[in-house]
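Novice: Let the sequences and hints guide you as you build the complete structure.
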Amino acid sequence: MPKDEYTSRDFKVVGTRPIRPDGIEKVTGKARYGADISAPGMLWGAILRSPHAHARIKGIDTSKARAMKGVKAVITRADFTHQPEDSGMADILDNCMAGDKARYDGHAVAAVAATSKSIARAALAAIEVDYEVLPHVTDVDEAMKTGAPVVEPGRQQESVPEGYCENVTGRSQYGHGDPESGFEQADLIVERSFKTAATHQGYIEPHACLATLDSDGQGDLWVCTQGHYMVRNVCAGVLGLDAGQLRVTASEIGGGFGGKTHVWMEPTALMLARKSGKPVKLVLSRDEVFRATGPTASSSVDVKIGMTSEGKITGATATYRLQAGAYPGGIAFLSAMCGFAPYDLENVRTEGFEVMTNRPKAAAYRAPGAPMGAYPVESVIDELCQKLDLDPLETRLKNAAREGTRSSYGPTYPAIGLEATLEAAKSHPHWSAPLGENQGRGVACGFWFNFGGDTCVSLMVNPDGTVSLSEGNPDIGGSRASMTMMAAEELGVPLDQVRTIIADTASLGQNEVTDGSRVTFAVGLATIKAARHAIEIMKERAAMTWGIDPEAVDWRDGAAHPAGPNAGKFPPMTIKEIAAIASNTGGPIAGHHEVNAEGAGVSFATHMVDTEVDPETGAVKVLRYTVFQDAGKAVHPDYVEGQFQGGAAQGIGWAINEEYIYGDDGRLQNAGFLDYRIPVASDLPMIEPVILEIPNPGHPYGVRGVGETSIVPPLAAIANSVSRAAGVRLTSLPMSPPRVLAALKAQ
Amino acid sequence: MSRIHVTTTINGDETEYLCEAGETLLDVLRDHLDMTGSKEGCGTGDCGACSVVVDGRLVCSCLMLAAEAEGRAVDTIEGMAQGNQLHPLQQKFLEHAALQCGICTPGILVAAKNLLERNPNPSEEEVRYWLAGNLCRCTGYDKIIRAVMDTAADLRGAA
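Just so you know, the sequences run in chain order A and B. Using the numbering used here, the final residue of the first sequence is 747, and nothing's skipped along the way. Using the numbering used here, the final residue of the second sequence is 1159, and nothing's skipped along the way.
To be clear, the hints were calculated from the coordinates, so they are not data collected in a lab. Just so you know, even glycine gets a beta-carbon here, dropped at the ideal spot from N, CA and C. A hint or two may mislead.
[Unchecked claim] Cβ-Cβ distance ranges computed for the label pairs, FRET-style:
id, chain 1, residue 1, chain 2, residue 2, range
1, A, A746, B, S1123, 53 to 61 angstroms
2, B, G1056, A, H428, 39 to 47 angstroms
3, A, D675, B, E1068, 41 to 49 angstroms
4, A, R56, B, E1068, 42 to 50 angstroms
Specialist: Set out below in structure tokens:
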């Protein structure tokens, strides 16, 4: 891990709050999102979905649909003649279009392309599917039991011990020391079980794409995604295409939060385009988004923590059982890694079980696995603090991980910011503000790894000396602004001299998905290095012009300056002057950088929240919320604050309202925003963001990703607040009014 | 399938279109008139991303049939700026960084403008309840509420 990237410096652009460069088009409605583009001769696609949680598909009769006027293509799995060798790719294909059986309510079984939306919808209704309904299971604990309906046999990994139901596909273990001996040293041990419901990322823009694919194998795809390179690679793998023949362009993206790091229906659009010979636009409905695109996993967790009367944790264990949905995979291993990551523990063990069920394939959701990793741990720590009469912030400080701590999941931490967030929380006026009747204050900590990954950036110095920056990650929340700022900072030019665009897959090399809070860190790092590359070239050009050694040229304030005793007394050459004569000094000037970025720098946050519980209805009102998080270096503080606030709001929804509700028939009962209620403006207070800046050694400016950590602490922070307000410990999310009321009555 | 001929006014311009009986105003705006600033987030009137104003009244264009626009005056996000002059709300949304992904922004701007025309001095609670029909998943609403309140204060000062 490189630790020598960071150098302290005085920033001119980074840390300011300019208006984002893509702002005007987004406040005027001109920005083009996934469903906002059309093509000449375009058809409308639509997907038929299984009404059954688990059913064998005995036959599909598409003849009536195909005979309808305006219907140009009808496809089923039989049209996908390429069978991917890779099992992961084969699973994606099967999820996009069911093979021999439908595995969940909402699983795609056929699709049409027609000249209008209404004809496409009518054609779906004319398709006849012969189902043999099979027994199903939609609960993670039920799915682990011997004798449970098996979603798919033969997928259990060797990591799973003998005796587990075949739905358990993977098991992971982390930790060090001996928890049992640790528990012997404890003055108090609390052992509890917790549950969290599946929640959806809830992005407001449904998935949408526009596809062409011709008989020569050349295709174009316009799509809202967090990673168009991933979409290209997966579609090529699923359909047996050459990746180089498929150009994917990322639209503006209307939210993702991890849910758009996967492929759900793009191969279907391409197949419809190939079969019809026309461009096909495919836009999912909100119902389809809920039923067939990734919610996060529900969880069932056992936690045991021992503590001394002074607040030192002596031993800790946790077992996480997470629902992966209809295909192998899952994120229980991430819960098992993250749960105790904020703490410096001598004796800690965790294990995670990945469990298949008849639900949609679980997808990444903002710090995947970490919220359900932290919620049980932070809840039990809070209960220990209550029972031992300890201050919850001081207790966390006493156990806090710091530089040199061996983490519960293995690595030893470099410089980290957890203590800084706890100290900031302690001294914040929120901590000492008075509380009223039926009100409680909760705190919790959270951890996320952060990520770097494959990244390409090109930076072109145009003939007039302006700069064009090409990056390959969709701008999901202001990243064009951050990249523009870092390029301007490094080059020493005004912000308006740089324009950043998101390149398509044919215009720039491979880039990882916009995930893992990686973009400001990794694309920022590559942007800075691309700028440095361009600066080196410009220094050479100036040296050539002056007839001196390139080593004798400095770059500052957007210009080359002769430097050193023997350089001569030349006036500085600005970027505009160098660009103007570039053709005569060696040709166009461009910098670029390609890297698998390491050193992302782990991230920590502490959240503090006040709630009021209505004793008559069980309703929970969030009164005050403060986020303390380490950003390393906040490039554009407004958008860092926005990540803190947005993550907290999603966590509030997860804690109080949001829940996938399945009936006994295995069907999702609340596939819409009316019944799956995400927080609305009147549900929330202002959310105060407090930015801490502990530089990340792995980034030239000290940047850490900030996007995900903010959803990790809220579940427990709110649960701790509600438990203190209600006087009873709640162990199941969401803490909806009926659950809270039941807990109050059971007291 | 026979279509219905509609004459209406959109952002001050007389507009004619043919629509199917089952098509919504949002369908026509987006698919026939290329006015894609209004977004479809749910199609059931729950998210507010398709908000437009019809004869002064804030509506979800996904819940209104296109044929019902006959003889009405429809205002959409595309008509909010006057040429290159942003509406004060649009400018304040930029200054407050009141958008992240931006998909809900057109609907929220349309709704907020309608609020300020009715109530130039709304409390924070009034802004929150007025915008409760406009879902935003990115921001936690904090900066949106601030931008609306700040715009209202500026407009009151200018009046």
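Novice: Now look at each hint and say whether the structure bears it out.
Specialist: Hint by hint, here is what the structure shows:
| no. | hint | in the structure |
| --- | --- | --- |
| 1 | A746/A <-> S1123/B: 53 to 61 angstroms | 38 angstroms, violated |
| 2 | G1056/B <-> H428/A: 39 to 47 angstroms | 45 angstroms, holds |
| 3 | D675/A <-> E1068/B: 41 to 49 angstroms | 27 angstroms, violated |
| 4 | R56/A <-> E1068/B: 42 to 50 angstroms | 45 angstroms, holds |
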